[in-house]
Structure formats: C-alpha cells, structure tokens
Amino acid sequence: MKHIKTINKANLKASAAKGGCGKCQASCQSACKTSCTVANQKCEREA
Amino acid sequence: MIHKFKINGYNIVLDVNSGGVHIVDNLTYDLLENVEPPFSEKCPETVLKKLSKLYNTDDIKECYDEIVSLYNDKILFSEDDYEKFAKSSVSSPVKAMCLIISQDCNMRCKYCFASTGDYGQGRKLMSVETGKKALDFLIEKSEDRKFLEVDFFGGEPMLNFEAVKAIVEYGRKREKEANKVFRFTITTNGLMMNDEQLEFINREMKNVVLSIDGRKEVHDYMRPLPNGKGTYDRIVENFKRFAKARGDKEYYVRGTYTKNNLDFSNDIMHLYELGFDQISVEPVMADPKEPYAITEGDLAKIFREYEILAAKITDILDSGKFINFFHFMIDLDQGPCAIKRLRGCGSGNEYICIAPDGDIYPCHQFVGIEKYHMGNIFDGTFDLDIKNEFASAHVYSKPECRKCWAKFYCSGGCNANNYIYAGDIHNAHKLSCQIQKKRLECAIMMRALRMLEKAE
Numbered sequence: 000m001k002h003i004k005t006i007n008k009a010n011l012k013a014s015a016a017k018g019g020c021g022k023c024q025a026s027c028q029s030a031c032k033t034s035c036t037v038a039n040q041k042c043e044r045e046a
Numbered sequence: 000m001i002h003k004f005k006i007n008g009y010n011i012v013l014d015v016n017s018g019g020v021h022i023v024d025n026l027t028y029d030l031l032e033n034v035e036p037p038f039s040e041k042c043p044e045t046v047l048k049k050l051s052k053l054y055n056t057d058d059i060k061e062c063y064d065e066i067v068s069l070y071n072d073k074i075l076f077s078e079d080d081y082e083k084f085a086k087s088s089v090s091s092p093v094k095a096m097c098l099i100i101s102q103d104c105n106m107r108c109k110y111c112f113a114s115t116g117d118y119g120q121g122r123k124l125m126s127v128e129t130g131k132k133a134l135d136f137l138i139e140k141s142e143d144r145k146f147l148e149v150d151f152f153g154g155e156p157m158l159n160f161e162a163v164k165a166i167v168e169y170g171r172k173r174e175k176e177a178n179k180v181f182r183f184t185i186t187t188n189g190l191m192m193n194d195e196q197l198e199f200i201n202r203e204m205k206n207v208v209l210s211i212d213g214r215k216e217v218h219d220y221m222r223p224l225p226n227g228k229g230t231y232d233r234i235v236e237n238f239k240r241f242a243k244a245r246g247d248k249e250y251y252v253r254g255t256y257t258k259n260n261l262d263f264s265n266d267i268m269h270l271y272e273l274g275f276d277q278i279s280v281e282p283v284m285a286d287p288k289e290p291y292a293i294t295e296g297d298l299a300k301i302f303r304e305y306e307i308l309a310a311k312i313t314d315i316l317d318s319g320k321f322i323n324f325f326h327f328m329i330d331l332d333q334g335p336c337a338i339k340r341l342r343g344c345g346s347g348n349e350y351i352c353i354a355p356d357g358d359i360y361p362c363h364q365f366v367g368i369e370k371y372h373m374g375n376i377f378d379g380t381f382d383l384d385i386k387n388e389f390a391s392a393h394v395y396s397k398p399e400c401r402k403c404w405a406k407f408y409c410s411g412g413c414n415a416n417n418y419i420y421a422g423d424i425h426n427a428h429k430l431s432c433q434i435q436k437k438r439l440e441c442a443i444m445m446r447a448l449r450m451l452e453k454a455e
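Taken in sequence, the protein lines are chains A and U.
So that you can map any letter, position 32 of the first sequence is 31 in numbering that gives the first Met the number 0, and since no number is skipped, the others follow by simple counting.
So that you can map any letter, position 390 of the second sequence is 389 in numbering that gives the first Met the number 0, and since no number is skipped, the others follow by simple counting.
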C-alpha cells in the first residue's frame, strides 16, 4: 500500500480464541506495584 | 474503534479491537477524520471536495480504497466482540501473593502509600509461621496453576530478612511436594544488603526491584532516613554491587516521580548512566492536597517529558546499546491474550496480599481498608463475595473503560487507585488514565518504528 503501512499481525482476536489459560505473570508483581500495564506482560502458554 | 495520534513526526493509527497498528501518511490521517463505516464503494464527493484543497483527488481516491481494503480485512474499524468473554469472567485460582513481610521501614519516604511503612496499623514484622501458612494457603487456592508468584514487600523486607530466608526455604520444600514452582521476588530500598544477603537474593529471587528515584537531590528529598538525612549515596553503592553480581538475571531499578521532578527523563537517564539498564519510573499517586502530588495542570509537561524520554531511549537503542524502560515495553505481535487483557492485574482474584497478622487483602495497596478485608489465613475465612467482585471487575464492567481505546493495554487500570482516588474499583482514575495513555502512545510508536525498520 502507498499510504498505509501495517506494522503487525493484528492477532488480538485470534488470541481470545485460545487464551485465558492463566499461566502468565500477575501484572502488578513485576516492576510497578502502583499501576497496571498488562500489555507489556509475556504470554506463557505452552505451545 | 480506532485511535490515531501523532508523536515525534509520525502518524500512528491503532485498530483497537484487532490490535492492528498502522503508520500512515498525512492524507490518510486527515481522511480518517472524515470517513467511517459503513463505507460506500467510492469516496464520498463531499469528502473529496473538502480534502481536495490539500491533496490531489486521485490520491484521495487511492487512499480511500486502501482504508476500505483494511476494513474488509478486519484490521481497521474491526468489531468489538470480546464482551462475551468478559461475561464469563469468574473467580479464578489464586496464583500470586504479596507478603508484607515487614510492616516497618528504615526510610521515611514522603510519598509512601503505606504511611511510611506501617500501613497506618503500627510497626510489625511477619513471623516465619505466618509466612509458611501463607504459602500453604497459596498452594491450596492455586488449583491447577503451576507457577506461583510470591513477592516480599514492605515496608522494607530486609528488616525481616531471616524470615524471608526461612519462608523461601520452606517454599522450596513445599513446591516439590505439591508439584508447583515458586517464583519469589523482593522489593528493597537498598539500605541493607551485605554479601551474604546479596548472594541469597541472586540465587533465589526471580526478579528484584530496587527502589531509587534518580538524581541525588531528587531522591534524597523524597526518600530520607528517619533522621532526615539522604539515602542516595548508601543505596547507589549497594545497587551497583547488586547489579554487577546479578548478571543476566532479571531486576529493575524503580523510581517515583512527583511534581518536584516533572523533568523525570533526566532521572531515568541518570539511572542509566549509573549503569542500570532495566528501569521503571512511575508517577506518584497521592492526595491532590500534598505539595508533591501530580495534578491535571502538570499533564502537558508530563506528556512532553514522555516524548523527550522516547527520543532519548531511541537514541540509545540506535547506538546499539541496551535500555529497557518498563512502561514502554510492548509486544505488538505476541503480547498477552485478549482474555488476560480484559481483567488486568488480577488483584483480589488471582492476586492477594497477606499482612503480618495473616489478614488477607486484594493487594498491597488495600491493606488496612476494612471494606476489602477478605479474611485471615489462620481462621480459614476468605470472602468469596469480595473475590467475585474483583473477578468481575473487567473493562466491560467499568463504564469509562468500555469506550476507551487503551482498554486492552491497561486492562481497566489499578483497582486500588480507582478505589482510593475515584471512589470505586469500577471508576477510572482519570489522572492515571491520561498518563497511561500517553505512555502507551509512546510505546506503540517506538515499537512500530522498530518493526518498520526491520521490515524494510
């Protein structure tokens, strides 16, 4: 495309279908303790 | 829903529901101000006429076709169909625990949310017995979760280090019996750290958070000793020693910025220049009456400062060096699943806090708030109504979050900040939201440009 460059796979919807296993880190524990940023956590689902 | 923004000369468009990120030219940016679904086959004449003052008509038509193509591919203006998942947000196993191992502190930080360490409840230490009982409670409530997180928190945990050691030792024994893995972490102010303690922490802790605010004058002003003297010189030496011994294992230096240092990018750069390359620095959360509290009037300066910080970090990365700023970390391809993003940190549901006397709270910031006292590990009480309230506190049950573009990134924000500063865990704390959104825009922009460079 000339005007728009799509950067990523845009796979959020696909992630819902097989998501929710709960194995990932509780997001407050890592380095904040006073806010909540979930999007920087890793998915820990085993393939 | 889409969200578009301009930062440091780039036009970014986020498709909220697919997670799609697009870098666009000025024409697309302006065209998206004027068109939305349902799309007609051709660009509407009124739009053509309006934009033809600025752009070539053929280019506008071409750009319109690109927008429609992405819409048809469901990566622009894609539908929000996540609410059905939110409705099934029910109580989950408990997998993370904060232990207030020391309700006492050897610093007197002016902004401490725990009232200089005692949570307004008097100074006390957690016993080894209570810590062991807490681990047993966590194992029991964790059901099929294998990885269990336990954070030693305070006050200052090193004031009760012998208990930390005994509880970790107990955890290592119990995890084998119960087929679990404990991931211990600790948050410390760095005043006490001898070689033996350092060796233990490096061996046993998956992550370590070292509290330091940045430049000496900034740090010493907010983080003094009880006698009023500064702490910077003592802790920097300890933290440098720690970081050297830590090697490749995970740690963060973590600071707080206040109204007194709205030029906080200089503090982050100071921490980097000291040799720390994994950095988390956050805005203070405080009663607006406090002189150091951040208020609405500070936001323009704060937003600009995050842009400056983004540019500084980009320069470091471009020079081939490493730096990781926690709140700019984002993975646009392999981040957490959408289900995780609906409900945030898990406080009160997957994550709980145990106070020194065994009392259970939704998280460390709720300690001492009677309304959310969930029970006690010694008498077996555990209020499932409160647990359910937190389990169902997701982005679709929070009115302001439902319509917010950032909902899949902050996941409804901090329930404690919502309760303390906005009156209800379901009410967004607007000041936090605005800062969070700016950080996210910077993070998305920085990551998108990296990905674009790689692709090209």
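You may find that some hints are simply not true.
[Claimed, not checked] The following label-pair restraints were derived from C-beta to C-beta distances:
#	chain 1	residue 1	chain 2	residue 2	range
1	A	M0	U	G422	41 to 51 Å
2	A	K17	U	E306	17 to 27 Å
3	A	M0	U	E78	35 to 45 Å
4	U	K300	A	A13	49 to 59 Å
5	A	M0	U	I315	43 to 53 Å
[To be verified] Derived lysine to any residue pairs resembling SDA-like cross-links, with alpha carbons at most 20 Å apart:
#	chain 1	residue 1	chain 2	residue 2
6	U	K140	U	D384
7	A	K1	U	E78
8	A	K8	U	A454
9	A	K8	U	E78
10	U	K453	A	M0
11	A	K22	U	V34
12	U	K320	U	K453
For the record, the hints were derived by calculation from the structure and aren't laboratory data.
Note that this is a predicted model, so its numbers are computed, not measured.
Where is the CB? At the ideal position from N, CA and C, for every residue including glycine.
Tested hints:
1. A/M0 - U/G422: 41 to 51 Å: holds, 46 Å
2. A/K17 - U/E306: 17 to 27 Å: Hint violated: Cβ distance 37 Å, outside 17 to 27 Å.
3. A/M0 - U/E78: 35 to 45 Å: Taking Cβ atoms as reference, A/M0 and U/E78 lie about 22 Å apart, which means the hint is violated.
4. U/K300 - A/A13: 49 to 59 Å: violated, 40 Å
5. A/M0 - U/I315: 43 to 53 Å: At roughly 32 Å between Cβ atoms, U/I315 and A/M0 fall outside 43 to 53 Å, so the hint is violated.
6. U/K140 - U/D384: holds, 16 Å
7. A/K1 - U/E78: violated, 25 Å
8. A/K8 - U/A454: This hinted pair holds, its Cα atoms lying about 13 Å apart.
9. A/K8 - U/E78: holds, 16 Å
10. U/K453 - A/M0: holds, 17 Å
11. A/K22 - U/V34: Roughly 41 Å separates the two Cα atoms, so the pair is violated.
12. U/K320 - U/K453: Answer holds: U/K320 to U/K453 is near 17 Å, not above 20 Å.
In summary, the structure is inconsistent with hints 2, 3, 4, 5, 7, 11 from the numbered list given earlier, while agreeing with the others.
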